[in-house]
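Q: Dock chain V against chain R, hints included.
Chains as they are written, first to last, in this note's numbering: chain R, 1 to 374; chain V, 1 to 284.
Don't read these hints as lab results, they were simulated from the structure.
Predicted, not measured: the structure shown is a model, and the values here were computed from it.
Beta carbons are placed, not taken as given, at the ideal position from N, Cα and C, and that holds for glycine.
Hints may be right or wrong, so weigh each one.
Here are the simulated lysine to any residue pairs, SDA-like style, with alpha carbons at most 25 Å apart [stated by the list, open to error]:
#  : chain 1 : residue 1 : chain 2 : residue 2
1  : R       : 211       : V       : 153
2  : R       : 165       : R       : 202
3  : R       : 169       : V       : 145
4  : R       : 280       : R       : 150
5  : R       : 280       : R       : 107
6  : R       : 231       : V       : 124
7  : R       : 211       : V       : 71
8  : R       : 211       : V       : 63
9  : R       : 345       : R       : 118
10 : R       : 150       : V       : 147
11 : R       : 314       : R       : 150
12 : R       : 207       : V       : 67
13 : R       : 165       : V       : 133
14 : R       : 211       : V       : 133
15 : R       : 165       : V       : 154
16 : R       : 200       : V       : 64
17 : R       : 356       : V       : 59
For each label pair, taking beta carbons as the anchor points, the in silico distance ranges come out as [unchecked claim]:
#  : chain 1 : residue 1 : chain 2 : residue 2 : range
18 : V       : 54        : R       : 161       : 41 to 51 Å
19 : V       : 113       : R       : 149       : 39 to 49 Å
20 : R       : 373       : V       : 146       : 23 to 33 Å
Some chain V residues close to chain R (C-beta under 7 Å, calculated; not the full set) [said to hold, decoys possible]:
#  : residue
21 : 96
22 : 102
23 : 133
24 : 152
25 : 234
26 : 236
27 : 245
28 : 246
29 : 249
30 : 252
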Amino acid sequence: MSKILVPTRRELLKAGAASVLAMPFVSRAWAAVTEINMLAWYGHGEPDVVAEFEAANNVKFKPKYYAGGDNMLALIAQSPPGTYDVILSDAEFVQQLNAAGYIEELNAADYPFDDMVHEDFKKFPGHWKDGKLYSVMVRFGLLGVSYNTKAVSDAEAESYKCFWKPELKGKVGHFDWHLPNLGQLSLYNGNGKNLWNLDKGQWDKLKATAKTLRPQVGGFFDYGGTFNGLKTGEMLAMAGIGDWITGVLERDGAPVKSVIPKEGGIQFTESYSIGKGTPKAAIVKKFIQYMLSPEGQVKSANMAAYPANIVTNKGRKALQDKNPKEAKRSNQVDGSPLDPVKLIKDGRIQYRDIPKQQSLEDWNDFWQEYKSAS
Amino acid sequence: MNGQKARRTDWYAISWRIPLIVWQGLFFIGPLVFMVAMSFFVVKNYRMEAAFDVGNWVKTLGRPIFWDSYFLTLRLAFGATILTTLAAFPASFFLSFHASETFRRWAVFFLIIPFFTSYLVRIFAWQVILAQQGVINAGFSIFGLGPYTMLNTMFGTLVGYLTLCLPLAIILQTFALNGVDRRLVEAAHNLGCGRFHTIFAVILPLAKTGFVVAAVFCFILSFGDFVAPYYLGGSKPPTLSIMIIDTSKSGQQWPRAAVVALMMIVTLMVVAFSAIGYAYRRRR
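For reference, chain V alone in the conformation it holds in the complex:
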């Protein structure tokens, strides 16, 4: 009888797992396996042909510009992650610890609103704002300053990354901070811990997991983003995502583009697993 019960429970659990397994299999594992296979294909007369040729790996990884682009993309993504985390914290701290319930609800609603609009449209709006004859430089000109070049620079790229990541980071950080036990904060204060010191000694360690998850999201989104470095950074110099576009659109070199993409996926996995490992290390 007990055995029958256990079987019924298993089917119930499996039925809930199946959609996720099928989804991941169809849209993640399947394409990933195909991409690995494709990285060994050859291109003849603009047509891909199935083969096992390591030439794409040798050619792509043997080019100094790949590594230049790789480390640039890595630096930019790390920079964007640090900037976003720092910029999001005051807002999330205020929302979690000082804002009323109603204000917080509205704030989260307004933080979600940007996702209703196409990211590309928001980036084109930034072009108008950051241009030499744009809104910001017009403001500077009132004080006799500028114009400053902001578009088609790394600054422009970072503005794009923040546009993509900041609302999400604030939301995730706010939820993480909401989970911090207020009694521990009060206890810290009662024991003479200053407000500033409490943040680093009590609040951040308790909310570490949420903060790391927010940072990982920022990194993943920035590392793979094509729009910001192309339209606000002027593709100068190109990031890995731009390199994929360049490689695939010229000469139908999808296999080489697959090599770049796989290197990106490996990097993202290493960073994500390391970060998550760090986030949960203490709790184990």
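If we strip away everything but chain R, and leave its shape as in the complex, we get:
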């Protein structure tokens, strides 16, 4: 016959007291999981990038994703101060984040500026103001001609002119954001390093050029649509993007790739900042340092959502050691004629910026007109 365990009043009180005494430890353990609110492009807060950091530091990322710098600024402007602890921004929007007082000043000594793959990255435009650092570049990518290799030859892809190829009528897609697309057309018009600084005549010419391309256009897509369009062959060439999308497809064996044409390409630059007023600045700083470490840089280069190039020499070496296939695919190997760093040094790459003589609204208004045109 089994004995029924009935606790005595003394035992019950003892157990209760023990539970109460243990409560602070339990609650302390729970409290130790710090939630980090991240504002970023899609993919940056996903497990393939942040899981190891989360496990090692007992933190949990809560990402809010955006598409496009205007969208990022709109989101942050709508949120109460301190909503986002860490902000990944396109470099050209850092100055606006700073001007609006959304980001904290950083200490340059905390980050490996001496190890950057290019001299420009140490004092990247917009990241510094009055000698103070506000944002640190963590990755970059190049935008050029993205194409289906069965429909466009490598020689044709050497110029943006291939977008006007008669066989591509209705098969040229646009990533639905005015800045990279109009920037590329500005390069096609021969504006070179002044691609963002257009006077009225150059701006009118750019609009005219765009209108001649419109009959070729098969659609305007977000990230998913751009990806699907190229994957299914529905779009055979795409403006406004680069290896950050074709790289994902190329890894899966799709016949697509991106090149920098003779007119030049555009660099997108992604940089981390610490949100103004966050009480989690210390752990966010640690995270940014992690993303700039060789380990973090390799994770960034291999990011499942979209690949990008490494900004530190040690990171580049780590990628070559750990994933030589990806290093080769992305030309991040010394001696490659298509090495992104070499392309920048050769002057073939312009950093993405915002319009200098027109407002973003002017560019966006024209983009809407362009989309509506037939």
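A: Relative to chain R, chain V alone:
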């Protein structure tokens, strides 16, 4: 005593009305009033600031692309409504007049099932089906035809609208037809009215209200839909819903987006009230 009774009845009726009034007030009237106010706000450095500035209305309504987009959206929504109504009718007629009770019950169940799945997921499935290397073109290629471009066209947009509206239209039309007095149909036949003529002379006039309500639903859903024109139409050219997205995501121009949204709401109200007025006109 009578007065007391009447008061008690009033409280009972009011208690049933209150949730609806509160709900509509909180989630329709309140946001609508705010949106009207917001359409006069100004944006400075990506921040909205309360103001009374008619500039948003002048700028938005003064742009030819707004009107291009407006009439395109109107045409597409009317087209989708007519197509859906026509495509739904044979099915609803069969279900109401010829299918057994059991079959009808199962059919309605299967018509409801699509609503269990996200509309966006269904639209992405259509991308696979309509693509140049998709299922339909693969079928055409067996007969040496195609490939035809269906994705990123107005045809694609209409396919999306039908995906959204057709099951609902069939259900509403079926219920409307179920309410048609069969004795009147038999009387028409007895008086020598042919089967085809009976549909137009007897059945449709009797089921008019249900058909108009179904059509109004199609119009409302199509007019405001963002997913189909973006993902199946390639945003080419953009409809008003896409214009709202474009306007709001660039430069935080929510006030201008509010102007577009208010124009859409006004249009929907005019169409809906006109249609409902037409539907009930004879009965008055």
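Q: Indicate, hint by hint, whether the structure satisfies it.
A: Here's how the hints hold up against the structure:
1. 211/R to 153/V: Answer holds: residue 211/R to residue 153/V is near 19 Å, not above 25 Å.
2. 165/R to 202/R: 24 Å, holds
3. 169/R to 145/V: Measuring from Cα to Cα gives roughly 20 Å; hence the hint holds.
4. 280/R to 150/R: 50 Å, violated
5. 280/R to 107/R: 16 Å, holds
6. 231/R to 124/V: Holds, at roughly 14 Å.
7. 211/R to 71/V: 22 Å, holds
8. 211/R to 63/V: Satisfied, since the Cα-Cα distance of roughly 18 Å is no more than 25 Å.
9. 345/R to 118/R: Between residue 345/R and residue 118/R the Cα gap is close to 8 Å, so the pair holds against 25 Å.
10. 150/R to 147/V: 17 Å, holds
11. 314/R to 150/R: Between residue 314/R and residue 150/R the Cα gap is close to 37 Å, so the pair fails against 25 Å, i.e. violated.
12. 207/R to 67/V: The given pair, whose Cα atoms are some 21 Å apart, holds under the 25 Å limit.
13. 165/R to 133/V: With Cα atoms ~22 Å apart, residue 165/R and residue 133/V stay inside 25 Å; holds.
14. 211/R to 133/V: The hint is violated at about 29 Å.
15. 165/R to 154/V: 24 Å, holds
16. 200/R to 64/V: 22 Å, holds
17. 356/R to 59/V: 23 Å, holds
18. 54/V to 161/R: 41 to 51 Å: Roughly 45 Å apart at Cβ, these two residues keep to the hinted range, so it holds.
19. 113/V to 149/R: 39 to 49 Å: At 42 Å between Cβs, range holds.
20. 373/R to 146/V: 23 to 33 Å: With Cβ atoms ~28 Å apart, the hint holds.
21. 96: 40 Å, violated
22. 102: Given a least distance of 41 Å, the restraint on residue 102/V is violated.
23. 133: 6 Å, holds
24. 152: 4 Å, holds
25. 234: The hint holds - residue 234/V has a Cβ within 7 Å of chain R, the shortest such distance being about 3 Å.
26. 236: 5 Å, holds
27. 245: 9 Å, violated
28. 246: Since chain R brings a Cβ to about 6 Å from residue 246/V, closer than 7 Å, the hint holds.
29. 249: Because about 5 Å separates residue 249/V from the closest Cβ in chain R, which is inside the 7 Å limit, the hint holds.
30. 252: 4 Å, holds
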